[in-house]
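Using our numbering, the first residue of the sequence shown is number -12, and each one after it goes up by one.
One should not assume that every hint holds.
[Said to hold, decoys possible] Below, in silico cross-link-like pairs of lysine-lysine (PhoX-like), each with a Cα-Cα straight-line distance of 20 Å or less:
hint, residue 1, residue 2
1, Lys86, Lys(-5)
2, Lys27, Lys61
3, Lys163, Lys130
4, Lys96, Lys86
Because the hints were derived from the structure by calculation, they are not lab data. Treat the numbers as computed from the prediction; the structure is a model and nothing was measured.
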Amino acid sequence: KIHALSYKDVFYQDQFHQLSKFISFDPTLEGLQQAVEARKNFPIDRSLLVNVLSDHYSQYPISDKQNNNIQRLKETSTFTIVTAHQPSLVGGPAYYFYKIFSTIHLATKMNELYPDLHFVPVFISGSEDHDFEEVKSLQLFGKSITWDTDQTGPVGRFNIEGLGQVVNQVTEILGKSPKAADVLAMLESAM
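The task is simple: from the sequences and hints, build the whole structure.
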């Protein structure tokens, strides 16, 4: 359990049974098994899904594992474990990464528990989000960094001009340790 989560997240985590009229399956391994059974005959145009994802990822280098997961979506024995989050400056709060890692972990666990099925972790970035005020800043070791831009509209479509200044501020805060160099190399490669 992560104690830094909001009240709503902790309530959902600890008292999900009180929300049963709003959710179809308990957020437990047993609930996931029930969801799989309910979704086994759910109509999905798997070929279209794979074609769209393959087309999207053709623009980017992907690993063999990523390609395998996309191709496995053609199979009726493949299911997705999905999470989503709005864009965040330099990844924003650790919660952003925790969601990604926990989704990968859960898919891995489900693959171990149900070897006759395959589970693919999926992360969706809500790039259509228009609330730039909410995502334009981050706190890093007690210091605030803000991306100043006059752009409007969906944040995921913003031109990244000016993000170099954000990376420079992150560099100043992190210093020159080997781990900081790794983080900064990732940030620079993403630009």
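A quick look at each hint next to the structure:
1. Lys86 - Lys(-5): Holds. Lys86 to Lys(-5) sits at ~15 Å (cutoff 20 Å).
2. Lys27 - Lys61: Satisfied, since the Cα-Cα distance of roughly 13 Å is no more than 20 Å.
3. Lys163 - Lys130: Distance ~17 Å between Lys163 and Lys130 Cα, so the pair holds.
4. Lys96 - Lys86: Answer holds: Lys96 to Lys86 is near 15 Å, not above 20 Å.
Hint check: no violations occur; every hint is consistent with the structure.
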